[in-house]
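Chains as they are written, first to last, in our numbering: chain A, 1 to 155; chain B, 1 to 191.
One or more of the hints may lead you astray.
Said to hold, decoys possible - Calculated Cβ distances over 10 angstroms to all of chain B for the following chain A residues:
hint, residue
1, Asp7
2, Arg21
3, Met27
4, Ala38
5, Arg71
6, Val74
7, Gly77
8, Ser78
9, Glu92
10, Ser102
11, Glu117
12, Asp121
13, Gly123
14, Trp152
Said to hold, decoys possible - Selected chain B positions facing chain A (Cβ under 7 angstroms, derived; list incomplete):
hint, residue
15, Arg18
16, Asp39
17, Ala40
18, Glu53
19, Gln57
20, His66
21, Ile70
22, Arg71
23, Glu74
The hints are simulated quantities; they were obtained by calculation from the structure and are not laboratory data. Note that beta-carbon positions come from the ideal geometry of N, C-alpha and C, so glycine has one too.
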Amino acid sequence: MRGRDEDERADLLIAELRRGRPEAGPMSERVVRAADGAFAARAVEAPVAEVVDDSLERSGGVRPSTVPGPRYVVLRGSGVEVRLEISEHGDERRVLGRVVPSAGGAVEVRSPFGAREFAVDGGGGFTACGVPRGPVRLLLRDGGEPRLATRWITV
Amino acid sequence: MSDQTRDATASAAELAGRAAAGDHAAWRDLIRRYELMVDAVVHCHGVTGLDAEDARQTVWCRLAEHLDGIRSPERIGSWIARTAHREAALQARLARRARALEAAEGPRLLDPVDHRTPESEFLRAEVDRGVREAIAAIEEPERTVLALDLHRPGAPAAEVADCTGLALDEVASVRRRARRRLLRLLRESDM
C-alpha cells in the first residue's frame with residue numbers, strides 16, 4: 001500500500017532527524033528570572049503599541065539576508081508612532097528612536113532585569129545606548145504615568 | 001519539567017486566570033507546564049545557545065503582557081505555541097544577521113578550530129534549512145505537533161493536546177499527517 005510506504009518513510013525521516021537534534025529541556029535560571037521580572041512588571045496602565053513593520057521580517061524569507069545594516073522597527077498605538085533603528089554592538093544594542101507626534105518627556109527602556117530612562121528631545125528623538133540583548137519594552141513618559149507602552153520585542 | 005510535576009489538578013485556564021490576578025505560584029506553574037514545548041519550538045527553528053535564551057525570555061514576557069487581555073484562557077497552550085514560533089523565527093533571522101556581521105568583520109583569532117568536515121557541515125546545514133523552511137510552511141496545529149515530535153519524543157498525547165488545542169483522540173492522526181507533510185516538503189526542496 002502506497003500510504004503505508006509513505007508512513008514508513010516519514011517515520012524513518014523523523015527518527016533520522018531526531019538523531020542530530022537536542023531534546024527539549026527545562027528553562028535556565030536566567031530565563032526563569034526573566035519570566036518573573038516580566039510578571040512583576042506586567043501591570044502597565046497605558047495603551048500598548050504593536051509592531052506594524054519590522055525590516056527583519058521583510059528581508060530574505062527564511063534564507064540568510066546578504067548585507068546586514070541596522071534593523072528598523074515601527075510600532076503604533078493610540079495615534080502615536082515609535083520608529084526604532086537598532087544596531088548591534090556585541091551583546092549590547094544601540095536604539096535610536098523617534099516618537100511621532102513628538103511630546104518630549106522621556107522613554108523608559110525596560111528589560112526583564114531592570115529599566116533605564118533616556119530623554120526625548122523636542123523633535124521626538126532619543127538615543128538609548130548599552131541596551132542588553134534580549135526582550136525589551138519601551139514606555140513613553142511625560143511626567144507621571146506612561147502614555148504609551150510598546151509590546152515586548154527581542155533586540 | 002517532568003510529568004510528575006505537571007499540575008494535573010489545575011487546568012491551564014485556571015492557572016492563567018490566577019496568574020492574571022497576580023498569583024505568582026500560578027504563574028510559575030503555567031510557565032513550567034509549557035517550558036518544554038517552548039524549548040522544542042525554539043529548537044525546531046534552529047535557534048540555539050544565547051539566541052534560544054533570548055527567544056524563550058521574550059515568549060514569557062509576551063505571555064505576562066497578554067495575561068490581562070486574554071480572551072480564551074482555555075486555549076493558552078496554543079497561544080504560547082504560536083508566540084514561540086513567531087519569536088523563534090525572528091530570533092533565527094537575528095542570529096543569521098549577527099553571523100553575517102561577524103563574517104563581514106573577518107575571522108577572529110580566538111575562534112576555536114572546527115574539526116567537522118566542510119562536507120558534513122554543509123549537508124547538516126542543508127537539512128536544517130530544509131526543516132526550517134518546512135516548519136515555516138506548515139500551519140498549526142501540525143507545526144507544533146512536529147516540533148514536539150522532533151524534540152520531545154515520547155511526549156504523552158495529553159501534553160501534545162494541551163499544547164495545540166487538539167482533542168486527545170486527534171493527536172495520533174495529526175502527527176501522522178504532519179510527518180507526511182514534512183517528508184513531502186523535504187522531498188520537494190531536494191528537487
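Of the numbered hints stated earlier in the document, which are not met by this structure?
Structure breaks hints 1, 2, 3, 4, 5, 14, 15, 20, 21, 22, 23.
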